[in-house]
Amino acid sequence: MAEKNKSQAAHAHDDQHTQEHFREKHLMLDPLPRGQMNDMVMEAMTSKPTWKYWLTVIILGSIVLYGLGYSWYRLIVEGLGIAGVNRPSYWGIFLVNTVFWIGISHAGTFISAILRVFKAEFRRPFTRIAELMTTFGLVQAGFSIFMHMGRAWLSYWLMPYPNERLLWPNFHSPLSWDLLAITTYLLSSTMYLFLPLIPDLAMARDKSTGWRKTFYRILAIGFRGTEGEWTHLRHAMNIFAYAIIPVMFSVHTIVSWDFAAATRPGWNSTIYGPYFIIGALHSGMGAAAVVLAVVRGTMKNMTYFIRGEHFDAIGKLMLIISMGWAYFYFNDYIVQWYGGDKWTKALLHFHEAGPLGWMWLSMLIVNIAIPWAVLWNSKWRSNPWIISIVGILINVGMWFERYLIVPVSLSINRMPFTWRLYIPAVEVYLSLGTLALFILFYVIASKLIPFIPVWEVQEGQLAHKLSKFGRETVVTVSELE
Amino acid sequence: MATVTDLNISEVKLSEEYVGKWGMFINQDVCTGCQACVAACSMENNIAFVGPEDAGYGRTMNWIRIERFWDGEYPEIKMTSRQPMMCQQCGHAPCEPVCPAFATVHSQAQQLNLQVYNRCVGTRYCANNCPYQVRSFNWRDYKRPEPLPNQFNPDVTVRQRGVMEKCTFCIQRIHQAEDKARSEGREVADGEFTTACAQVCPADAITFGRVDNPESLVSQLTKQYEGLKHLPELGTLSNVSYFKGG
Chain A
0 MAEKNKSQAA
10 HAHDDQHTQE
20 HFREKHLMLD
30 PLPRGQMNDM
40 VMEAMTSKPT
50 WKYWLTVIIL
60 GSIVLYGLGY
70 SWYRLIVEGL
80 GIAGVNRPSY
90 WGIFLVNTVF
100 WIGISHAGTF
110 ISAILRVFKA
120 EFRRPFTRIA
130 ELMTTFGLVQ
140 AGFSIFMHMG
150 RAWLSYWLMP
160 YPNERLLWPN
170 FHSPLSWDLL
180 AITTYLLSST
190 MYLFLPLIPD
200 LAMARDKSTG
210 WRKTFYRILA
220 IGFRGTEGEW
230 THLRHAMNIF
240 AYAIIPVMFS
250 VHTIVSWDFA
260 AATRPGWNST
270 IYGPYFIIGA
280 LHSGMGAAAV
290 VLAVVRGTMK
300 NMTYFIRGEH
310 FDAIGKLMLI
320 ISMGWAYFYF
330 NDYIVQWYGG
340 DKWTKALLHF
350 HEAGPLGWMW
360 LSMLIVNIAI
370 PWAVLWNSKW
380 RSNPWIISIV
390 GILINVGMWF
400 ERYLIVPVSL
410 SINRMPFTWR
420 LYIPAVEVYL
430 SLGTLALFIL
440 FYVIASKLIP
450 FIPVWEVQEG
460 QLAHKLSKFG
470 RETVVTVSEL
480 E
Chain B
0 MATVTDLNIS
10 EVKLSEEYVG
20 KWGMFINQDV
30 CTGCQACVAA
40 CSMENNIAFV
50 GPEDAGYGRT
60 MNWIRIERFW
70 DGEYPEIKMT
80 SRQPMMCQQC
90 GHAPCEPVCP
100 AFATVHSQAQ
110 QLNLQVYNRC
120 VGTRYCANNC
130 PYQVRSFNWR
140 DYKRPEPLPN
150 QFNPDVTVRQ
160 RGVMEKCTFC
170 IQRIHQAEDK
180 ARSEGREVAD
190 GEFTTACAQV
200 CPADAITFGR
210 VDNPESLVSQ
220 LTKQYEGLKH
230 LPELGTLSNV
240 SYFKGG
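Protein chains in written order, with numbering that gives the first Met the number 0: chain A, 0 to 480; chain B, 0 to 245.
These are computed hints drawn from the structure, not numbers from a lab.
Take the hints with a grain of salt, since some may be wrong.
What the hints assert, rightly or not - Calculated lysine to aspartate or glutamate pairs in the EDC-like style (CA-CA distance at most 20 Å, straight line): (1) Lys243/B x Glu66/B; (2) Lys228/B x Asp340/A; (3) Lys341/A x Asp70/B.
What the hints assert, rightly or not - Computed footprint of chain A on chain B; a stretch qualifies when at least three of its residues, placed anywhere within it, have a C-beta under 8 Å from a C-beta of chain A: (4) 52-59; (5) 117-124; (6) 135-141; (7) 154-163.
We put the beta carbon where it would ideally sit given N, CA and C, even for glycine.
The task is simple: from the sequences and hints, build the whole structure.
If you want it as structure tokens, here you go:
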């Protein structure tokens, strides 16, 4: 009898231990009351900014003012001569940054829409942070593309607007498709960001006073949380989640057509569409990991919401995407090399053995070797430091990849007399300006927008349960939606 | 003769039949590389003077350039002939479809590629897509040193910064000759006028005229020397033929 009791007690202890282990590891199995989570998110958002916060804002603000403000002003007043672009590298870092930022913006929608559609539960706490990346990144991409234009003040001519001369943009041009695709993506991703934000804005409205109350009252557009409102909201979110996936795929394919549709050696490659998409996801997932780690480390109460399991899940995606990127890269490379066109061969040789060969080699190391060497280990994947260092390295590598595609590939053409290297000048400040503006947007948004979708987290927590089948403790998820 | 409206690049036969209107024949064997054409072109077309610094960085603004090539490694270099390079006025031009603003378009009447300066927004996509790399971009508002400001050609626009430009086959001269001929009720005669580069060439390496007229000097020279087009594999249907004997 005593022995039986003892073994039961041991069992109970084991159970408790398993449950604690689950709770510690998984946000979905570690529920808190809604009110408490609301307070935690509100505290993270409305707590008085520290001197570190203001210092960050001042530093980033001055970089933006110098890099984007003053340098762009000079670019407009003095002309593109102060930049490094020349013949034959007519496109320089401007286009590198455009492709780079569109790539960054990809992961936001990828995480949010694709994972929502496939009901991946780990997405719940960080969909908002990722969606913000889409909108903020696209703004930088737009800036970069307008900066590079010779007469940026006439850029509205690219828009199909009614005018007295009946002039339309040229729809044969990939740049026209590009503009339409990016505009569509910006509008739809902003709406997709806004829809799941409404319940959280309503929550913030109910919990704040003063100017914040007015601010959230306007943004929450009168959401009260009735059954009918939720039904409409779920319908709208569902439609957007499905509809934005093809938009996301089309945008980066069309960006790749800027290059693939041209008659340049090295650019004229039919695999550029999917290759650019996987490249965008590669840099975007890396950036998402970095942003998550920074948010977790700097904002209050975030260690509850963002845990090792989330970095672990992102790390797995990064590893798979890294393999996909390697597949597409070598597919593009080997087929072009096998094609045997003498200009393409000269170009590939220039990539590897030219003055920027170190860039080509380090691209392969940080995009393929390092993720493969690090991300197979779940302990390393779950560490925010390790994953964000890998994320930063991947982003550097993907920036190198775009640098090799744009100015380095442009250096080699079919007229050897014009071959010439590109040396960046004022573009460096402009690039730093866009980077600083991207971070500054996040820094400001952290004080204005609830970063954690509390309703989504709670929905997941209600759906998850620890059940016992025999002696085994099993996680079960019920279908709510 | 096919016109550009019914030109379809997928129909190889049609593209082989394509004959432009204005064209050039360039004899590289007699070109001495004196660059008189480059200077004359700059004077005729109000081309900016970019200065040594920008020129050294690959921002020369020439609508025509003389390319020099050599064979062999440094001490034992054999200079091969010079190659004057200007816009080839392609019948199926890669620069035209990529401009989002319709700033570079095809002239149906003249069979030339036009650059509409005041429509150009400066995306520079046309220059990237030009396989001959003959387009020049106004990187800055270049100041012309004295006495260059006193010799502007009133028939040609002065371009602003941020605008692409390229060889027009001296379209102002073409229009002048056509207007004169029309007022006199006749066709433009072969050799009645020529472009600035052909006019000044001391060796007569450049010949300009109607390539659709088999009797014209340019057609006859092209036929006699079996002139070749640059990069014909791209299907650009260029209107400039080159000859290089050795």
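>> Please list, smallest to largest, the hint numbers that this structure does not respect.
In response: The structure conflicts with no hint, since it agrees with every one listed earlier.
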